[in-house]
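Start from the sequences and build out the full structure, keeping to the hints where you can.
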Amino acid sequence: MTDMAIETSALAKTYGSKQALEALSLEVPRGEIFGLLGHNGAGKTTTVNILTTLLPASSGTARIAGHDVTTGADRVRRSIGYLPENVHFYDNLTLTENLTFFARLSGVPDPAARIAAALEAVDFTGHGQEKMSTFSKGMRQRAGIAQAILHEPAVLFLDEPTSGLDPQGVAKLREIIISLNQSLGMTVFMNTHLLAEVTKTCTSIGILSSGRLIYQNSVAATLGAFPDQASLEDIYLHIEAGTPS
Amino acid sequence: MSPWAATVGHELRSAGRERLPQLLLMIFIGMSAASAFIGSAAKATVTEVYNSAAGQGLTNAANPFGNVPPLYYARNTVIYILLIGALLAIVIGVQSAMRDRRARTIDLVLTRCLSPAGYLGAKMTGIGLGLLAVLGASALISVLCISAVTGSIPAPDQLLRLLALFGVAWLFLLFFVALGTLSGLHASSYTTALLVPIVIWSVIIFVLPLLGTAAHPVSLLNPVTPPAAPQTGIFALTRSLTGPLSLGEQFKHVAAILLKDPQATGTMTGGITVILVFLAAGISAVVLTGRTSMRKELHD
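For the record, the sequence lines run as chains S and Y.
Taking our numbering as reference, the numbering of the first sequence is continuous, increasing by one, and the terminal residue is 707.
Taking our numbering as reference, the numbering of the second sequence is continuous, increasing by one, and the terminal residue is 303.
Any given hint could be a false lead.
To be verified - Within a straight-line C-alpha distance of at most 30 Å, the following computed BS3-like cross-link-like pairs (lysine-lysine) qualify:
1) S:662 x S:599
2) Y:46 x S:593
3) S:634 x S:593
4) Y:299 x Y:46
5) S:599 x S:634
6) S:662 x S:634
7) Y:299 x S:599
8) Y:263 x S:480
Source of the hints: derived by calculation from the structure; they are not laboratory data.
Structure, rendered in structure tokens:
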């Protein structure tokens, strides 16, 4: 078994004449919380969509937990959990009904037990019988993470997980992500442009600029490598500024 | 439970909670129940007029409604299947496809272990089972109403014919479910998704038969008797082109034979084949919808 949770090689995606992703080669070891940073339109969501098998790559290869996203898409799907940027559910169903459906789609043998465990993991026990239409954005994000971990995936993909949350919601979600990584050993791959969050949550980062990966290192090494920069935000801006567009 | 079975169950549960299909369903079942009584009222009115005419010595012919078979009372059901049933099927299909798009849950579904074809096939199966239950209930209500009107339970042969009618109706309506689902999967808005299959339905049910028969539009609402078909001239030519595509007329022809309409001639084979071809084409088009199309955003 490979030590890499995520491996991509010369991964590229074009939409017509627009190059959304260019020769992305990336390695994320198991057990990491990896933050993919980049400005709007840098290719972060395209990367996640390819890695979660939602979108075919134009060229290159990608492997998740050792499985190729093209030839082993079903095995990849069994290995991943996914939280889209704006997670939505069937509003006329309760949280438990929604989670039961997604658990069964993932082939979970005992949905009730897994739902209870997932809700406990995101500190959301007691909300199972509530209709989704009554949920706030923060509650939806936690429900979204619960649906993503129902089948105990090896790799968790989170697309802008803290987008639109209030400070309390952001702090709670951070706590949940770190807990999933540390107690359940899940590798977490998150897209974000909230750099303060990255410092507090991620163990390593990559910076994507106009479809190209221009930087990848651990957060600790990154902070140590740029002693003259006050924060990760400054480092990010410094790296971005040095990249020819 | 397999992902496929979970999707079937989810489809039934979700459809059961939506109001518009529920409303149409009640109308459909209500009209099926009313069918026998409407037939009975028609028979009573004609018999009364006949008795009055016969009493005045204006006719000595036998009452044409004097000895109608029990299946006569199911004739109006055919037109309700064609009109209300098909619209119900379209609405159910559109709602089913739109449910995922409006809820924006499709990415959560597509990152699970079920292919788009498997997922859409399971959805169609769920709707098909739901529709089968509806038609089963309608068939039962029809039998009860015919029994009430005639004062006796229809004979086994007649019961089988009624069941066969609802069986063919199921295949016929499933095509419209597929049409609605297809439109719901590809349309850019909910309004367009509903409008497009309704336009196609009106073309199939009304425009194509008119092109092939020169019939008066109202005659197409005649429950089972096929419209007059000219044997020569331009309409004979257009009929040969549009006839097989006139799904409604094909269904009515099959229904006429099943209900032993005295004016119906020929066999059911051609009509059933056309219905099956339409159904196969519709279901294939639905299950072959790709991942990219399924993820298309709705602009409502």
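Status of the hints after comparison with the structure:
Pair hint residue 662 (chain S) plus residue 599 (chain S) holds up; C-alpha atoms about 22 Å apart against a cutoff of 30 Å. Taking the CA atoms of residue 46 (chain Y) and residue 593 (chain S), the gap is near 52 Å; set against the 30 Å cutoff, the hint is violated. The hinted pair formed by residue 634 (chain S) and residue 593 (chain S) meets the criterion: a straight-line CA distance of about 22 Å does not exceed 30 Å. With a C-alpha separation of about 54 Å, the suggested pairing of residue 299 (chain Y) with residue 46 (chain Y) is violated against the 30 Å cut-off.
A C-alpha spacing of about 13 Å is found between residue 599 (chain S) and residue 634 (chain S), which places the hinted pair at or below 30 Å, so the restraint holds. Our distance criterion of 30 Å between C-alpha atoms is met by residue 662 (chain S) and residue 634 (chain S), whose separation comes to about 12 Å. For the given pair, residue 299 (chain Y) sits about 23 Å from residue 599 (chain S) by alpha-carbon distance, which is consistent with the 30 Å threshold. For the hint linking residue 263 (chain Y) to residue 480 (chain S), the alpha-carbon distance of about 64 Å lies beyond 30 Å, and the restraint is violated.
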